[in-house]
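Participant: Sequence:
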Amino acid sequence: MRRFIVYLSIAYVAYLIVRGMTSGPTSTNEEQRALNLLKSKHLEVAIVWPEAKHGNDSLQEYVKAFQVQLDLLQSAHNTRCIEAPEDRQANLHCDMKPIRLQPVYEEDNSSKQASISQAQTIVQNPNLIAVAGYVHSSSAIPAAVVYENEGVVLLSSGATDARLTQYDFEYIFRHISSELTHANDIASYIYQQGYVDVYVVNERDTNLYENDFTNYFVEAAVHKGLNVADPILYEYENQDHLNTIAILKRQTNKVSSKAEQLALSTARSELFTDLIELRKLFPESTSDIGNKKTDIISLLVETDSNTETYRQYFTGLSDKRLLAFLERDFTYKASEKQLKITQEKYRRQFRLLDEDELHQKQQDLHNQLEESLADSDNVLLHYVQESKNSSKLEAVLNETLKQHFDALRISQKRLDKVFAEQAGIIFLAASKDNAKTLMRLAREVDMHEPFIGGSAFLNLQADCNDSTCIDDIAPYYALSVDGLPSLATESCHAPSDIKHHHVNKREHRTQQEIAEAQYQLFACRFYKDNNKTQGFWATQGYFAASIIWAAALESRGTTPEKIASRLNYASDELDEKYGLTFTPNPITPGNSDLFISPLKFTLVPNTTGNSK
9 MRRFIVYLSI
19 AYVAYLIVRG
29 MTSGPTSTNE
39 EQRALNLLKS
49 KHLEVAIVWP
59 EAKHGNDSLQ
69 EYVKAFQVQL
79 DLLQSAHNTR
89 CIEAPEDRQA
99 NLHCDMKPIR
109 LQPVYEEDNS
119 SKQASISQAQ
129 TIVQNPNLIA
139 VAGYVHSSSA
149 IPAAVVYENE
159 GVVLLSSGAT
169 DARLTQYDFE
179 YIFRHISSEL
189 THANDIASYI
199 YQQGYVDVYV
209 VNERDTNLYE
219 NDFTNYFVEA
229 AVHKGLNVAD
239 PILYEYENQD
249 HLNTIAILKR
259 QTNKVSSKAE
269 QLALSTARSE
279 LFTDLIELRK
289 LFPESTSDIG
299 NKKTDIISLL
309 VETDSNTETY
319 RQYFTGLSDK
329 RLLAFLERDF
339 TYKASEKQLK
349 ITQEKYRRQF
359 RLLDEDELHQ
369 KQQDLHNQLE
379 ESLADSDNVL
389 LHYVQESKNS
399 SKLEAVLNET
409 LKQHFDALRI
419 SQKRLDKVFA
429 EQAGIIFLAA
439 SKDNAKTLMR
449 LAREVDMHEP
459 FIGGSAFLNL
469 QADCNDSTCI
479 DDIAPYYALS
489 VDGLPSLATE
499 SCHAPSDIKH
509 HHVNKREHRT
519 QQEIAEAQYQ
529 LFACRFYKDN
539 NKTQGFWATQ
549 GYFAASIIWA
559 AALESRGTTP
569 EKIASRLNYA
579 SDELDEKYGL
589 TFTPNPITPG
599 NSDLFISPLK
609 FTLVPNTTGN
619 SK
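Position 452 of the sequence shown, counted from 1, bears residue number 460 in the working numbering, the numbering being contiguous throughout.
No lab work stands behind these hints: they were computed from the structure. Treat the hints loosely; a few may be bogus.
Pairs of lysine-lysine, DSSO-like flavour, derived with a Cα cap of 27 Å [as the list claims (entries may be wrong)]: (1) K232 - K410; (2) K341 - K301; (3) K425 - K232; (4) K410 - K288; (5) K444 - K540; (6) K257 - K72; (7) K425 - K400; (8) K348 - K288; (9) K421 - K300; (10) K353 - K425.
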């Protein structure tokens, strides 16, 4: 928290310094830039990006891809304006000025002042509408203050610090998930896959990426109910990872209790069955429960010793009062308190069973759950379909059922993993080289838990294009691009109707089809120009160019203010919680050929590796 306050204070002081160095308030800068752009014959975009290191040009794919996509978009735009003069929608966009790419600025992250000075140099260009790029948050955040003050759009493609988009800025955007979003996504993925135990290895570095990333993840994982072991910390410069592996080995040797998980799954199964039966008793009309009254009374009194007395009491109640008791029962059965009580009941039973008896109970419950979940799926589908015009109460009941159904499905996965002794997973926040070393050492000491992590795993995935691929030491999980098929091939045949998004044929194609055709056209061109398929950073370059172009086109404006307004509107549509960060949900502004097709990471298992 202290470091965050210091970081925020520095950024704010930098903001005040920059404002003091300008000739007037922000509005003056915006107005002056707008006047310059009106006189200009073209618009310009700058890219701030690091140099390729160690002979690996994967980062430089970003710049190449940005230029390829920008050329394709402008060519398609010009073709449409020429070929479809009758298309009024196209004509509204045809007066848009061409966008040019400036020579690339090498990202300077040597200090905050260096980043500020570089940004001040960049914004001197009067034709500048946007800046794309930035891999390092340590340079992106100070520079963002300059761009905001000068009224220039910043679209970050690589800076993951959540604070970049948490300030009240109007011109600052990102299209890469923040480390906060990464951490929440990874925790959700681990939970959804049925893992129970999480072991955390954290590399402490100077820019705090791994530290913040780990802290966000641990918080999210604990919130999900995962068992998180004490994090294992090591220094970035440490070349001897044997001690780290020794501690990790001791942690993973502690196997989750089979009786504990069996008790939890059994309790969830029992309560979910009760909830289904209770839900069936709620009538469609609360004013008339009809022939369900007898069944409701029977269910309400079945657990009481003085059955007849309670039966007479409930029989004398009005339908409304009777339904109130039924709702109370449903709420209690769905509560966390009742789950713990029921789990404790089964825990006392199962802890006395031997290994064989536990396995038999597990197999019986597994079969029962498969049948129960299949039947319940149909019941839930019925209620979802019928709930379009349902009352508020029915909507709450249906949502509660769905939540318990999802929890039961995950509970089944966790039960199977615990009994297969595969319930553990290792969260690794480390640099690429250290991650590779740690994973190799783990396999050498017969640790078979899968690894999962952030940017290091993304870079490891990119390494599979050369001899350093670690497919032979996994399994591991990597962050990958969501929703983009592998469209680049050596032959690079584009779809036969690829020109449909150049002319007035939009009504024949969905936005997703347009996006895939557009991406395939880009992938083919990129392959032909570079003799390689597009990697992650190339895809980021594609999206950066597409987002800036689409926002400029859709805003029908030539100023950063209008472009930022369009991006802010798009972000508001998505109801973003963590700043102006785009998500996989497509945005379809108007009838444009392009739509802002955002990017987010999804977790994809690498299943080609062989564990050693």
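Participant: Compare the structure with each hint and give your call.
Facilitator: Now for the hints, and whether the structure bears them out:
Proposed proximity of K232 and K410 is supported: the alpha carbons are some 17 Å apart, at most 27 Å. Only pairs whose Cα atoms come within 27 Å are accepted, and K341 paired with K301 is accepted, the gap being roughly 20 Å. About 17 Å separates the Cα atoms of K425 and K232, which keeps this hinted pair within 27 Å; it holds. Simply put, K410 and K288 have alpha-carbon atoms about 14 Å apart, close enough for the 27 Å limit, and the pair holds.
Annotation: proposed proximity of K444 to K540 holds, straight-line Cα distance about 24 Å (limit 27 Å). The suggested pairing of K257 with K72 is violated, with an alpha-carbon distance near 44 Å, which exceeds 27 Å. For a cut-off of 27 Å, the pair hint linking K425 to K400 is broken: about 38 Å separates their Cα positions. Annotation: proposed proximity of K348 to K288 holds, straight-line Cα distance about 24 Å (limit 27 Å).
This hinted pair does not check out: K421 and K300 have alpha carbons roughly 36 Å apart, beyond 27 Å. A distance of roughly 23 Å separates the Cα atoms of K353 and K425; the hinted pair therefore holds under the 27 Å criterion.
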